[in-house]
Amino acid sequence: MKFKLKIENEEFEIEILETPEGVKVKVGQKEFFFGEKEKIEEKTVAKVKIPKRNFEKREILAPITGEITKILVKEGDLVKRGQTLILLSAMKMENEILAEKEGKVKKIFVKEGEKVEKNQTLIILE
Amino acid sequence: MKILKFEKLESTQKIAKKLAREGKKPWTIILAKEQEGGYGRKGDFWHSPKGGLYFSIILPKSKIENLQILNFLAAFCVAKILKENFKLEPFLKLPNDIFVNGKKICGILTENVIFGNLKYSVMGIGLNTNIDKFPKDLEKKATSIKIELKKEINNEEILKEIIKGLKEIFVILTQTR
Chain P
10 MKFKLKIENE
20 EFEIEILETP
30 EGVKVKVGQK
40 EFFFGEKEKI
50 EEKTVAKVKI
60 PKRNFEKREI
70 LAPITGEITK
80 ILVKEGDLVK
90 RGQTLILLSA
100 MKMENEILAE
110 KEGKVKKIFV
120 KEGEKVEKNQ
130 TLIILE
Chain L
-15 MKILKFEKLE
-5 STQKIAKKLA
5 REGKKPWTII
15 LAKEQEGGYG
25 RKGDFWHSPK
35 GGLYFSIILP
45 KSKIENLQIL
55 NFLAAFCVAK
65 ILKENFKLEP
75 FLKLPNDIFV
85 NGKKICGILT
95 ENVIFGNLKY
105 SVMGIGLNTN
115 IDKFPKDLEK
125 KATSIKIELK
135 KEINNEEILK
145 EIIKGLKEIF
155 VILTQTR
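In order, the protein sequence lines correspond to chains P and L.
Counting in the numbering used here, the first sequence runs from 10 upward without gaps.
Counting in the numbering used here, the second sequence runs from -15 upward without gaps.
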């Protein structure tokens, strides 16, 4: 199939040829080939393994270095969105850490009175 | 200044945290004539009968370091008002308590609520203003402006002075840091 295409006052002569190996597109003197090779590459990309990640598991991290004043849940508890999980006293201020989503308390890594560092995992919800 | 006034609340802090989460504007004040479950740091009970000044402020979003300094300076701000307006001699027990004649007269508590990536901050102040008498277990530990001066003072005027002072501190903090 041959046709002419005008782009911004410049005219291009385009020819599309189907061959057993694939499709050849001629634009003026330049040739572009779309064949099996491209298909194989496409499959290769699609087969690249993405590491599995559990998006349901949620870590509650310490927002600031401080001391755990109170733990208001225990392992196995079902918590609602917005429920207070932990009180952390830091820089002479009280910090109330709430559950961002509902879930089950899978693991508690800290104890009341324990000093924690910023970004330390406190609780895992699932 | 927007002041939400209540006759009686369990705690102005609790309401302030709830309203902050619901999107109430910074510097909204929650004021109660009486609290049934007023509390201080580490959940300590704050005796809050009628006559005292109990309020919480929804703070503007700010760096945690600025809030920490504001928390400290709030005590200086209240102490200055007590000294200049009433000629009292306040003693600061940092970070959050003010004493007069060896007895507690004011407590300040700043709380941050962390909800995922969001953070809300509120500051609560309990100032013993027009309290005539404390229960037996607090008599030796707490005092009020009325007990010290033998006269009543205007709670709302003091409230406005405190807020004015805190706003000035906040502006200086956020402009210089």
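The hints are simulated quantities; they were obtained by calculation from the structure and are not laboratory data.
Note that CB positions come from ideal geometry on N, CA and C, so glycine has one too.
Heads up, some of the hints might be wrong.
Said to hold, decoys possible - Below, a list of computed lysine to any residue pairs in the SDA-like style, where the Cα atoms sit at most 20 Å apart:
1. P/Lys124 to L/Gly27
2. L/Lys26 to P/Gly122
3. L/Lys103 to P/Gly122
4. L/Lys45 to L/Leu133
Stated by the list, open to error - Listed below are several chain P residues computed to face chain L (Cβ distance under 10 Å; list not exhaustive):
5. Gly31
6. Thr78
7. Ile80
8. Val82
9. Gly85
10. Asn104
11. Glu109
For each hint, the structure was consulted:
1. Between the alpha carbons of P/Lys124 and L/Gly27 the distance comes to roughly 18 Å, so the proposed pair stays at or under 20 Å and holds.
2. For the given pair, L/Lys26 sits about 11 Å from P/Gly122 by alpha-carbon distance, which is consistent with the 20 Å threshold.
3. Only pairs whose Cα atoms come within 20 Å are accepted, and L/Lys103 paired with P/Gly122 is rejected, the gap being roughly 23 Å.
4. Between L/Lys45 and L/Leu133 the alpha-carbon distance is near 38 Å, which puts this suggested pair outside the 20 Å criterion.
5. Because the closest C-beta pair between P/Gly31 and chain L is about 49 Å apart, greater than 10 Å, the hint is violated.
6. With its C-beta approaching chain L no nearer than about 6 Å, P/Thr78 sits inside the 10 Å limit, and its interface hint holds.
7. The criterion of a C-beta within 10 Å of any C-beta in chain L is not met by P/Ile80, whose closest approach is roughly 13 Å, and the hint is violated.
8. The criterion of a C-beta within 10 Å of any C-beta in chain L is not met by P/Val82, whose closest approach is roughly 15 Å, and the hint is violated.
9. About 23 Å separates the beta-carbon of P/Gly85 from the nearest beta-carbon of chain L, more than 10 Å, and the hint is not met.
10. Here the hint on P/Asn104 is kept, as its CB sits about 5 Å from the closest CB of chain L, short of 10 Å.
11. A hinted interface residue such as P/Glu109 counts as satisfied when its beta carbon comes closer than 10 Å to some beta carbon of chain L; here the least separation is about 4 Å, so the hint holds.
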